[in-house]
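Student: Sequence:
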Amino acid sequence: MPTSQQIAELKAKLQNVIFEKEPDDTVVVLTAPGNRIGLLQRSVAERLTNDGRFADDFALRGDSLVVFPKIKTPDPQALTEAFARVARPLHDAGYFVQWRDELLNVFDLDSGHCIALAERGLFRFLGMLTTSVYAVGTRRDGRVFVSLRSRTKQVDPGLWDALAAGMISANESRETAVEREIAEEAGLTCGYTIDSGWTCLKVRRTVPEGWMAEDAYVCRVIVDDTVTPRNVDGEVEEIQCVTKDDLFVMIERGLTPVDTGLVFLNSLL
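Heads up: the sequence shown begins at 6 in this note's numbering, then just goes up one per residue.
None of these hints come from the bench; they were simulated from the model.
Mixed in with the good hints there might be a few duds.
[As the list claims (entries may be wrong)] Below 30 Å or equal to it, Euclidean Cα-Cα: the simulated BS3-like pairs (lysine-lysine) are:
{"no.": "1", "residue 1": "K77", "residue 2": "K16"}
{"no.": "2", "residue 1": "K18", "residue 2": "K158"}
{"no.": "3", "residue 1": "K18", "residue 2": "K207"}
{"no.": "4", "residue 1": "K158", "residue 2": "K75"}
{"no.": "5", "residue 1": "K26", "residue 2": "K16"}
The task is simple: from the sequences and hints, build the whole structure.
Tutor: Okay, here's the thing in structure tokens:
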């Protein structure tokens with residue numbers, strides 16, 4: 006079993022990776038009514054505002070990039086329609102690569118309120134906040150489930166993840182999201198209980214697509230001995246059950262995604 010000092014040192018190492026200081030060369034992304042919704046490199050903001058195709062959609066004002074400046078009052082429907090209108094043209098123009106065909110909530114970063122819905126692919130590009138769920142699955146004897154991410158996944162392929170994890174979709178509660186992810190990734194609709202309350206891991210770091218701002222909500226799930234998790238959606242290649250000692254070694258060797266490693270350490274060790 007790793008010592009408390011070894012665990013603390015590994016936690017600190019991973020925390021330094023997932024929570025970075027905001028880069029100096031960034032601008033805040035605002036809506037015209039003044040909602041702070043994201044973070045973007047100044048060079049990208051300048052490119053957007055100089056692109057005639059989006060002249061009516063983005064305006065650089067000092068240290069802020071205003072999106073949809075003609076929408077002057079808080080209007081979730083108008084903002085949602087505006088995001089829908091520009092998403093495909095921005096993708097086609099190469100501003101972001103991954104098209105997900107999935108809507109997520111756009112949050113006001115100060116109030117935490119949802120102010121619109123937008124295509125998932127926009128979020129890292131504009132540095133907007135996403136929310137996700139992690140189900141840390143264990144047997145009653147304390148062994149931990151780890152799921153091998155498909156080698157075809159665009160993010161962290163071939164690494165060992167939690168039993169189930171994924172984004173919270175638009176207008177979805179975290180409880181509904183975690184049940185959906187457990188059903189899709191572990192094939193379980195019953196035979197498990199949620200053993201603890203929710204904790205939140207905040208991720209803030211630079212990624213190839215832009216800026217990752219994510220609040221990851223974590224729960225612990227006890228899986229009955231009478232059921233065996235099996236992947237359904239093709240995003241997981243295999244599911245194993247390992248001891249906590251083995252799990253620590255896997256995290257230490259970089260065999261888990263960085264954020265998942267910290268989720269495991271905070272939840273179990």
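Student: Hints first: check each against the structure and report whether it holds.
Tutor: Structure-based check of all given hints:
1. K77 - K16: violated, 44 Å
2. K18 - K158: holds, 25 Å
3. K18 - K207: holds, 15 Å
4. K158 - K75: violated, 38 Å
5. K26 - K16: holds, 18 Å
Taken one by one, the earlier hints fail for this structure at numbers 1 and 4, listed in ascending order.
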